[in-house]
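Asks: Residues per chain are reported as follows:
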Amino acid sequence: MKGTRRDVLFQLEQWLKDKEDKRVFWLNGLAGTGKSTIAQTFAEMCFADGKLGASFFCSRDFEERSNLRSIFPTLAFQLAHRYPRFRQELLPVLAKNPDIGKESLCSQMEKLIVDPFQAMQALTIVVIDALDECRDEEPASALLSVLSRYMDDIPLVKFFITGRPEPRIHSGFRLASLHPHTDILRLHEVEPTLVDNDIKLYLKTRFTEITMNRHDCGLGEDWPGPHNVDILCKKAAGFFIYASTVVKFVASRHYPPDERLAFIISLSQDTTHEGKSGVDLLYTRVLEEAFHDADSYNHELYSRFKSVVGAVILIFHPLSIRALSDLLRDCGTPSRISSALCTLHSLLLIPDSAEDPVRIFHKSFPDFLTDPERCTDTQFFIDPSTHHNEILLSCLNVMKERLKRNICNLDGQVDLNKVKDLPTQRATYIGDSLGYVCCFWTKHLEKVSSDSDGMEEVYKAINKFFETGFLFWVEVLTLMGKLDDAVYALNDIQRWHMLVSHTF
Amino acid sequence: MFISAQTGVPDKWTSDSKHFILENFDAICNSPPQIYDSALILCPSLSWLYGCYSEKFPSKVKVVMGPAEWGACTRTVSCINDYTATLAYHNNTIATCLDNNITIFNALTGSQTAVLSGHIKYVISVAFSSDGTLLVSGSGDKTIKLWDVQTGGVVKTFYGHTETILSVSISVTNTMIASGSRDEQFVCGTLGQGSVLS
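These protein sequences, in sequence, are chains P and C.
Just so it is clear: in the first sequence, position 202 is 202 by this note's numbering, and no numbers are missing.
Just so it is clear: in the second sequence, position 88 is 88 by this note's numbering, and no numbers are missing.
Be aware that one or more of the hints could be misleading.
Derived list of chain P stretches under chain C, where covered just means 3 residues or more per stretch with a C-beta under 8 Å from a C-beta of chain C [to be verified]:
(1) 306 to 318
(2) 465 to 471
(3) 481 to 493
In silico lysine to any residue, SDA-like type, Cα no more than 20 Å apart, as pairs [stated by the list, open to error]:
(4) C:K156 / P:L175
(5) C:K12 / C:C52
(6) C:K56 / P:W15
(7) P:K17 / P:L175
(8) P:K102 / C:T93
(9) P:K111 / C:V155
(10) P:K404 / C:V155
To give an idea of the chain P side of the interface with chain C (calculated C-beta under 8 Å), a few residues [unchecked claim]:
(11) D21
(12) R23
(13) S104
(14) L105
(15) C106
(16) S107
(17) E138
(18) A142
(19) S145
(20) R149
(21) D153
(22) L156
(23) N406
(24) N409
(25) V474
(26) T478
Honestly, the hints are just simulated from the structure, not real lab data.
Glycine included, C-beta positions come from ideal geometry on N, C-alpha and C.
Generate the whole structure from the sequences, applying the supplied hints.
Replies: Printed below as a string of structure tokens:
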């Protein structure tokens with residue numbers, strides 16, 4: 001938001017102007033300190049100045065945005081769009097290497113980025129946000145090791161990278177050839193008063209917007225007043241995610257904003273929540289508020305909440321409300337699922353359409369819900385193993401009911417490469433829920449702890465799957481172009497079987 | 001070139017299923033009905049999978065004299081080149097020399113995962129380091145290259161031989177490389193610098 005994080009942005013501008021050899025900037029920050037927002041603002045700033053070459057915002061929620069191998073092709077595409085000279089160099093490379101997307105990171109970097117840049121020689125900035133959200137199995141971030149190797153070949157390019165201080169990223173930036181060129185700003189170590197001023201400014205602006213949008217509620221012009229803003233700021237303790245969650249909570253269309261705010265303000269650090277950080281306390285209270293008119297003995301309501309939210313935070317790929325209702329048969333129709341989720345709109349992004357995926361606003365929410373130390377209320381705590389087990393059984397059930405021979409109604413001995421409208425056929429006959437289930441059921445199996453009570457039920461269901469559905473499953477994965485995954489899935493099952501075989 | 005079956009737990013589901021997918025990989029990928037029309041029919045008669053599904057999907061065609069059990073070979077990967085020179089295997093990763101490039105395959109699925117290009121003449125010999133992170137290669141271009149397997153980049157190129165390099169290997173500690181060449185020299189070098197021993 002305009003006017004906030006001036007100190008950080010100022011430091012970034014200094015870094016840009018700096019002629020010294022710091023060509024990489026690492027914005028290091030804990031969850032909820034506002035890294036991505038800064039990255040976005042910075043990218044917009046550079047874009048306005050005509051300096052932005054390309055940007056990549058990693059996100060674990062999207063397959064293509066969490067894949068390391070999409071980073072360089074995406075950057076190259078944007079750079080080619082931006083610089084005609086770059087495009088001129090890139091086109092022959094693409095013609096020569098049509099499968100470059102599958103090649104190693106090094107050869108991608110070399111062919112798609114380094115070579116065209118060397119011919120071009122222009123000052124450029126590249127922004128890569130949330131590197132920690134990329135799938136990467138290396139002990140030191142693979143992207144950073146590639147960067148360290150080639151950085152000296154493209155001295156005119158500056159890289160702005162954000163990421164949580166995870167070991168992989170730490171060791172990446174510690175690489176001998178990268179370290180001396182890197183500037184680091186630790187967002188969680190920025191002067192607290194500066195952060196507090198930013199949070200206050202953010203809250204004031206957003207509250208003014210609420211006042212204007214909800215003039216029917218009779219909110220005073222200076223609502224909610226500096227005193228209340230100070231209290232909220234203190235509670236936020238430097239975490240922007242706190243402030244933005246409060247704003248979403250207060251802005252709910254279904255309640256008077258002043259009542260909602262009073263509720264948050266009244267939350268004192270009472271004894272039951274002693275030792276909790278601001279965000280955890282806020283999450284707890286938002287959940288309690290969502291259930292405030294529910295009878296605490298209404299187990300059905302709580303268990304539906306757990307099933308639905310458990311699925312939303314534990315699935316490996318975001319699903320729409322309709323797909324969730326296909327998966328969670330016991331939780332009922334899409335509208336039932338919607339109603340279980342609607343009170344959580346300050347924590348989850350719930351689209352209006354039942355066809356669009358439900359997403360999590362911030363990773364700190366699932367982190368909170370699945371940690372018994374942080375989420376101490378057992379009515380909300382989501383035990384990953386139990387819920388993976390539940391999802392797994394649902395997956396096996398969906399496959400049992402829906403898998404069949406020639407699921408896409410293709411003619412005879414069809415050549416898959418010649419089917420024109422395969423994506424449409426897939427969407428019609430396989431769809432999101434069955435597609436998800438076929439790809440990911442063994443991932444849920446892996447997360448079920450081997451000593452859980454339901455093991456026998458799982459074993460039986462898997463046995464049934466192999467005896468009746470296996471060939472159909474192979475067919476679906478083939479139609480989705482993911483037959484490789486079938487082999488990995490079978491390895492997952494093999495590993496699981498080794499773990500549990502002593503029980504049978 | 002073939003990838004040998006990995007026999008793990010005596011688990012009929014997964015071992016049969018993997019054989020089934022890998023042996024018929026290309027056929028199924030091209031045309032899913034092949035699952036029922038050929039892959040199933042060609043299953044060994046004593047396999048669990050055949051017993052489970054053959055009656056559900058009866059076929060006019062029958063195998064009269066086929067193998068009763070799965071063989072050792074699970075997937076055949078066809079290469080465009082005339083021959084495959086050398087293979088190196090480490091932890092589910094296979095490196096092969098195909099002309100000037102080294103191609104890396106995933107040994108579990110047989111899919112190609114990367115192509116390491118850099119040598120300017122045919123590659124004759126490859127070897128993995130004991131931890132699988134490095135790969136050393138010797139080529140007709142008289143150089144030895146050390147590769148980072150994960151990123152696919154050249155870590156270092158060693159010059160010194162005056163003829164085609166026929167064989168390479170890397171020490172357990174990842175510190176030394178030995179190479180043999182047509183120049184009748186045998187070279188043993190540390191990764192820092194190369195020195196001729198004899």
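Asks: Give a verdict on every hint.
Replies: Hints, verified against the model:
By the rule of at least three residues with a Cβ nearer than 8 Å to a Cβ of chain C, the coverage given for the stretch 306 to 318 of chain P is violated, with 0 such residues. Coverage of the stretch 465 to 471 of chain P by chain C holds. Counting CB-CB distances below 8 Å, 4 residues qualify, and the rule asks for three or more. With 8 residues bearing a CB less than 8 Å from a CB of chain C, the stretch 481 to 493 of chain P meets the requirement of three and the coverage assertion stands. As the CA atoms of K156 of chain C and L175 of chain P are separated by approximately 17 Å, the hinted pair is consistent with the 20 Å bound.
This hinted pair checks out: K12 of chain C and C52 of chain C have alpha carbons roughly 11 Å apart, not beyond 20 Å. Between K56 of chain C and W15 of chain P, the direct Cα distance comes to roughly 69 Å. Violation of the 20 Å bound is thereby established for this hinted pair. Restraint check: the Cα-Cα separation between K17 of chain P and L175 of chain P comes to about 25 Å, which exceeds 20 Å; the hinted pair is violated. Annotation: proposed proximity of K102 of chain P to T93 of chain C holds, straight-line Cα distance about 16 Å (limit 20 Å).
With a C-alpha separation of about 17 Å, the suggested pair K111 of chain P and V155 of chain C falls inside the 20 Å cut-off, and the hint holds. Distance restraint check for K404 of chain P and V155 of chain C: the Cα-Cα separation of roughly 50 Å exceeds the 20 Å cut-off, and the hinted pair is therefore not satisfied. Interface hint at D21 of chain P: violated, since its Cβ lies 22 Å from the closest Cβ of chain C, which is beyond the 8 Å cut-off. Among the interface hints, the one on R23 of chain P is violated; its C-beta lies about 19 Å from the nearest C-beta in chain C, farther than the 8 Å criterion.
At a threshold of 8 Å, the smallest CB-CB gap from S104 of chain P to chain C is about 2 Å, leaving the interface hint in force. Among the interface hints, the one on L105 of chain P holds; its C-beta lies about 5 Å from the nearest C-beta in chain C, closer than the 8 Å criterion. Because the smallest distance between the Cβ of C106 of chain P and any Cβ of chain C comes to about 3 Å, under 8 Å, the interface hint for this residue holds. The beta carbon of S107 of chain P is positioned within 8 Å of a beta carbon in chain C (closest approach about 5 Å), and the interface hint is therefore held.
Hint status for E138 of chain P: holds, given a least beta-carbon distance of 6 Å to chain C, under 8 Å. A hinted interface residue such as A142 of chain P counts as satisfied when its beta carbon comes closer than 8 Å to some beta carbon of chain C; here the least separation is about 6 Å, so the hint holds. Proximity of S145 of chain P to chain C holds as hinted, the smallest CB-CB distance being about 6 Å (cut-off 8 Å). The beta carbon of R149 of chain P is positioned within 8 Å of a beta carbon in chain C (closest approach about 6 Å), and the interface hint is therefore held.
Checking D153 of chain P against chain C: minimum C-beta separation of about 12 Å lies over 8 Å; hint violated. Because the closest C-beta pair between L156 of chain P and chain C is about 21 Å apart, greater than 8 Å, the hint is violated. Interface hint status for N406 of chain P: upheld, as the beta-carbon distance to the closest one in chain C is roughly 7 Å, under 8 Å. Against a cut-off of 8 Å between C-beta atoms, the interface hint on N409 of chain P is violated, since the closest Cβ of chain C lies about 12 Å away.
Below 8 Å, beta-carbon pairs count as interface contacts, and V474 of chain P has one with chain C at about 6 Å; its hint therefore holds. Checking T478 of chain P against chain C by beta carbon gives a least distance of about 5 Å; that is within 8 Å, so the hint holds.
Checked against the numbered hints listed earlier, the structure breaks hints 1, 6, 7, 10, 11, 12, 21, 22, 24; every other hint is satisfied.
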